[in-house]
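Asks: Protein chains in written order, with this note's numbering: chain A, 3 to 145; chain B, 3 to 145; chain C, 3 to 145; chain D, 3 to 145.
Hints are not guaranteed to be accurate.
Which copy? The list can't say, so a pair holds if one copy fits it or any two copies do.
What the hints assert, rightly or not - Pairs of lysine-lysine residues, derived as DSSO-like cross-links and limited to a Cα-Cα distance of at most 30 Å, are as follows:
1. Lys49 x Lys19
2. Lys65 x Lys48
3. Lys134 x Lys48
4. Lys19 x Lys91
5. Lys19 x Lys48
6. Lys19 x Lys107
7. Lys19 x Lys87
8. Lys134 x Lys7
9. Lys137 x Lys48
Hints in this document: simulated from the structure, not taken from any laboratory.
Protein chains: 4
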Amino acid sequence: MITHKITYRVIYGDTDKMGIAYYSNYLRWFEMGRTEFFRYLGLTYKKIEERGIFLPVSEVYCKYLYSAHYDDVLIIETSLDTSVKASMKFNYLILSEQGNTILAKGKTRHAFTDRSGRVVRPPELLMELIAKNNKTTYDNKIQ
Amino acid sequence: MITHKITYRVIYGDTDKMGIAYYSNYLRWFEMGRTEFFRYLGLTYKKIEERGIFLPVSEVYCKYLYSAHYDDVLIIETSLDTSVKASMKFNYLILSEQGNTILAKGKTRHAFTDRSGRVVRPPELLMELIAKNNKTTYDNKIQ
Amino acid sequence: MITHKITYRVIYGDTDKMGIAYYSNYLRWFEMGRTEFFRYLGLTYKKIEERGIFLPVSEVYCKYLYSAHYDDVLIIETSLDTSVKASMKFNYLILSEQGNTILAKGKTRHAFTDRSGRVVRPPELLMELIAKNNKTTYDNKIQ
Amino acid sequence: MITHKITYRVIYGDTDKMGIAYYSNYLRWFEMGRTEFFRYLGLTYKKIEERGIFLPVSEVYCKYLYSAHYDDVLIIETSLDTSVKASMKFNYLILSEQGNTILAKGKTRHAFTDRSGRVVRPPELLMELIAKNNKTTYDNKIQ
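Could you put the whole structure together from the sequences, leaning on the hints where they help?
Replies: Okay, structure coming up:
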């Protein structure tokens, strides 16, 4: 697992008449999380697409535990499940600003496709970056 | 299972640079489906809220099988899983206009709460309407 | 002026914590209005794009007079200002279900461009359809 | 005029099939800009609402000059027109990351209302903060 964190502040447009963030917005936050995850890894998603490879979402899951409110700062924690190889699987935690409450937990799964939607092999550079980062994380752990 | 169908036409604002509907929009379509499901049942969600009962989403799942494109007419098929009692569980199918291709499958689960978010018992009128519709469906089946 | 009307029901995801429709959603409704306007005219916007012509929005204006609420049915009335030639200018009215209250008034202006964003001449078929519909409207008026 | 700048990175969900940011998203960015403007002034919009005062948008205008693309960092520059007293008028510039290209220009106007939508007088604390900041800006200019 490689993990990266960003923050996001809930805007008025994210809320609904229940006074809390509408449930589909979490999927936008998952996207923010994984975009910054790719940047952190060293290969932006934009660059991946420029190489002709796309990562459409094939599955999403989200469990809502506590509501997010207007003007709340959220921590979006994105982790790559490095045990999955032919596709990509991300896990997400949406946490309160202090980091002590899990507001929501989510997952997305992505296929590697070409522009026409055909499944292709993962780009090698990406695989190398994942392997490298995974090793670093592992090395840090065993020290 | 009680089932209700509506249609929705994909707008430009639903699409993304991949040329297909962005994944979070399906959750809006699920909402459209279940709102019309409640109306079809005989008690609108608006009326449920006016009685002080709310149905926040506690879980959502969606599997994306085929892309939805700009100007496509989609069939949104919403089914209530009547075996679930203390909460509500809906299943959704997003189908092509002709109804012969399943584009996406989804589920949502909802708690019954009061305005402050405390879990409450399901409103009796709703339970009666579900029982009545379920019986009709069952009666239709065994004929 | 050629005018076309559609209806739209406000969903939960359109509302914000003030309990009313969030202001950016009106621009989605304007899009719905003009998409159906093109279909009514006889040439869908999808077909226009397939001919390599795009109509990006260059200007938008909206005045909000009365709030739109959850589950409200809105009338979206779209009119083409046929006095504008090199670009397209639409006027919009968002009305209550009964049609007796104007909730919002809007305008959009659109350039004709090719895929690369260069300004091009309006497609002739579109101009003909507009001229034809305008004449019909005029003829109906003077009878 | 009091001015405040923030940045925002365009996400995939902001784009449409033209490959650029969909036009209604600019209104979300305007909201982000003015929310942070209030925080910078010293009274968050959240606190204003907690005092029972609301600032619904009564008018919006946006002129789109150049497209915003996926993964672009935008500068959102929000200015309060301090010559307007009974309501609030904001001007917005959406600029490229380097700040040398204006992508869009916008305006919003807001009424001061109570929870029921009745127009009320501007909160005094807000007026004082505006006066104070305006003076500082003025003093900085004449030095």
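Asks: Look at each hint and say if it fits the structure.
Replies: Against the structure, the hints come out as follows:
Taking the shortest alpha-carbon separations for Lys49 and Lys19, only the inter-copy value of 14 Å comes in at or below 30 Å, while the best intra-copy value is 39 Å. For the identical chains of this complex, Lys65 and Lys48 are neighbours both inside a copy (28 Å) and across copies (24 Å), given an alpha-carbon limit of 30 Å. In this assembly of identical chains, the alpha carbons of Lys134 and Lys48 lie at most 30 Å apart only when taken from the same copy (21 Å versus 44 Å across copies). In this homomeric assembly, Lys19 and Lys91 come within 30 Å of each other (Cα to Cα) only across copies, at 22 Å, whereas the closest approach inside a single copy is 33 Å.
Only between protomers do Lys19 and Lys48 lie at most 30 Å apart by alpha-carbon distance; the minimum there is 11 Å, versus 35 Å within a single protomer. Within a single copy, Lys19 and Lys107 get their C-alpha atoms as close as 23 Å, and across copies as close as 23 Å, so both meet the 30 Å cut-off. For the homomeric pair Lys19 and Lys87, the shortest alpha-carbon distance between copies (26 Å) is at most 30 Å, but the shortest distance inside one copy (41 Å) is not. Within a single copy, Lys134 and Lys7 get their C-alpha atoms as close as 19 Å, which meets the 30 Å cut-off; across copies the closest is 37 Å, which misses it.
Taking identical chains as interchangeable, the C-alpha atoms of Lys137 and Lys48 lie at most 30 Å apart only when both belong to the same chain, with a minimum of 25 Å there against 44 Å between chains.
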